[in-house]
Amino acid sequence: MKLPLFIILFFGCLCAHHVLYAQDQLPEKVHTSIDKILDDHLAEIENTIIQEKEFDARTVLLVTVPLENFIEDVLFTINRPAVIYPKVICKVIRDQFRQGKSREEIERMLVTMQKQNKFEKLYAAERQK
Amino acid sequence: MLLNAKNNTRMQWLKYLAWSMLLAAFVYAGDIKPSVEVEFNMFYNRNYPQPLSFQLREAKLFLDADISERSAALIEYTMKDNLIRSQLERAYFTQHELPFNSQLTLGQFRNPFGYFDPFTVSHSTTKSTGLAPDTLMPEFKLRDLDVGLYWESQGEAVTFGLGVTNGNGINNLKDDNNFKDFVGHAVVSFGELQVGVNGYYGRKNSVNNDGSVSSYSSVEVMAAGLEAMAYVGNATIAMEALVRNYGTLHSAGSYLTMNYDLSSFLIPTLRSTTRLEVFDPDTHVPTDESVQWAQGFLYTISRGYLAKLEFVLNLEKYRRQGNEIFFELEYEL
Chain A
1424 MKLPLFIILF FGCLCAHHVL YAQDQLPEKV HTSIDKILDD HLAEIENTII QEKEFDARTV
1484 LLVTVPLENF IEDVLFTINR PAVIYPKVIC KVIRDQFRQG KSREEIERML VTMQKQNKFE
1544 KLYAAERQK
Chain B
135 MLLNAKNNTR MQWLKYLAWS MLLAAFVYAG DIKPSVEVEF NMFYNRNYPQ PLSFQLREAK
195 LFLDADISER SAALIEYTMK DNLIRSQLER AYFTQHELPF NSQLTLGQFR NPFGYFDPFT
255 VSHSTTKSTG LAPDTLMPEF KLRDLDVGLY WESQGEAVTF GLGVTNGNGI NNLKDDNNFK
315 DFVGHAVVSF GELQVGVNGY YGRKNSVNND GSVSSYSSVE VMAAGLEAMA YVGNATIAME
375 ALVRNYGTLH SAGSYLTMNY DLSSFLIPTL RSTTRLEVFD PDTHVPTDES VQWAQGFLYT
435 ISRGYLAKLE FVLNLEKYRR QGNEIFFELE YEL
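Protein sequences appear in the order of chains A and B. First residue of the first sequence: 1424, per the numbering used here; consecutive thereafter. First residue of the second sequence: 135, per the numbering used here; consecutive thereafter.
Some chain A residues judged to face chain B by a derived CB distance under 10 Å, without partners named:
{"#": "1", "residue": "Thr1455"}
{"#": "2", "residue": "Asp1463"}
{"#": "3", "residue": "Asn1492"}
{"#": "4", "residue": "Glu1495"}
{"#": "5", "residue": "Thr1500"}
Quick list of in silico lysine-lysine cross-link-like pairs, DSBU-like style, CA-CA up to 30 Å:
{"#": "6", "chain 1": "A", "residue 1": "Lys1552", "chain 2": "A", "residue 2": "Lys1476"}
{"#": "7", "chain 1": "A", "residue 1": "Lys1459", "chain 2": "B", "residue 2": "Lys214"}
{"#": "8", "chain 1": "B", "residue 1": "Lys194", "chain 2": "A", "residue 2": "Lys1452"}
{"#": "9", "chain 1": "B", "residue 1": "Lys194", "chain 2": "A", "residue 2": "Lys1459"}
{"#": "10", "chain 1": "B", "residue 1": "Lys442", "chain 2": "A", "residue 2": "Lys1459"}
{"#": "11", "chain 1": "A", "residue 1": "Lys1510", "chain 2": "B", "residue 2": "Lys194"}
In case anyone wonders, no lab produced these hints; they're calculated from the structure. All C-beta atoms in this analysis are idealised placements derived from N, C-alpha and C, irrespective of residue type, glycine included.
Whole structure, please, built from the sequences with the hints as guidance.
Pasting the structure below:
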C-alpha cells in the first residue's frame, strides 16, 4: 500500500472514530500552534453556548473570531503555541451575554482579556477552589 | 544491486513500522482531534496563458492529540498543486510546562526564525524564497520545515528559544548533511510592544560539478534578523529586517505588515492585511531588488468558510507586469 493512501485511510478512520465517540465536554486547557485547531476549539465554545438555547444563535456565532484573529497575529506568526482555556472562555461569554452586553462589547472584551492574560488567571483561580 | 534492493525494502518496512507506531500513539492518546482544510483558489495574472485560473491549492489533514495534560503530538499532511503533490508537512511531539516555563518540541516543525505569516494567499519573497544561487546549489530556506528539536522558555517579559535541526529541509527525515544547523530567537516585551532578534547558523554540504553532494567541503550559511511587533487597538503591526549569507552570496530584505480587525466598525468578522516588502536576493547585483505591496481582506463567512481577496502589486517598474489578484475560498471540516 502506498504511504499517502495509508495515511489518508488512517485519517478517515480516526475522523469516523472522532465523530462516533466525540466528547461533549469542553477541555479545560489547550495548547496549539495550528490555526485550524484553534478555530475548531473556538467553534466548539460557540456551539456549546448555542446548544444551551439561552441566547440567539446568530449573536453567538463567530463571537470569538476577533479573539482568534488576535491569537493568530500575535502568536502563530512567530510559531509560538497558544494556550487557550475553553471552559473559562465559555463561562466569560455566557456571563457577559447574561449581563446584557452587546456582541461587539464581548468581542472586544475577549481580546483585552487575552492581552492581559486574564483567562489564565481565571483558570488558576478556578483550580485553586 | 540485490543488496541495495533488499535494503530499500527493509527501509520501506521500517518506515511503515515507524508510521504505525506514531499513529498507534495517537490512537491511545486521550483526546484526538482530526480536521481537514481545503483551499480553493481563483487568481488573475495577465501574463499567464490563461489569465484567469482556478486551482485547488491545498488540502490539509490535521491530527492533533493531547497525549497527556502536558504533552501533545501533531501530524499535518498536505496535498498541493491541484492535489498532485503530497507531503508530510509537520509531525512533532511537544512536552509543555517544563522548568523555566519552557517546552520542548521534537520532530519536523517550522523553524522558529522570525515571523511567518500564514494568513495571506501569496507568499512573501523575504520569507519563503529559497536562496539557490544556481541550480547546483541546494536550497536554503529560512522558516522552512526541518527535522530537529527546539526548546523555548516563555516568560512574562522575556521569551527565548534554541533549536538544532538537520538543516536539510522538509521530509529529509534521514540527515544527508554532515553538519547541524542552529536557530535562536529572543523577544523582550514592553507592554503591547515586543522587540526581538533571531539568528540562524549552519553549514550545508557543498555540491560537486556533477551535481553530487560533497562530504568533504561545506558552505557556511547564516542569517540574522531584527523584529518588532506592536498591537495597537484593533491593529497588529509587525516588522522585520534581515540579512543572510549563503557562502559568498549576500542578500537582504525587510517588510512591514499590518493586520487590522474591521469587525467592530465595518463588517463583523472582516479583517484587513497589508504588507510592504523589499527584497534584494543578491546585494552585489544592482537590478534584482523587488518591492512588493500586498493588500488582502479576509472574511469569515461562517464557521468553516473563509473568503480571502488579495492584490499583489510589484512596485518596481520592470516587474509591474507580474501584478496578481487572488480570490480564495477556504473550507474547513
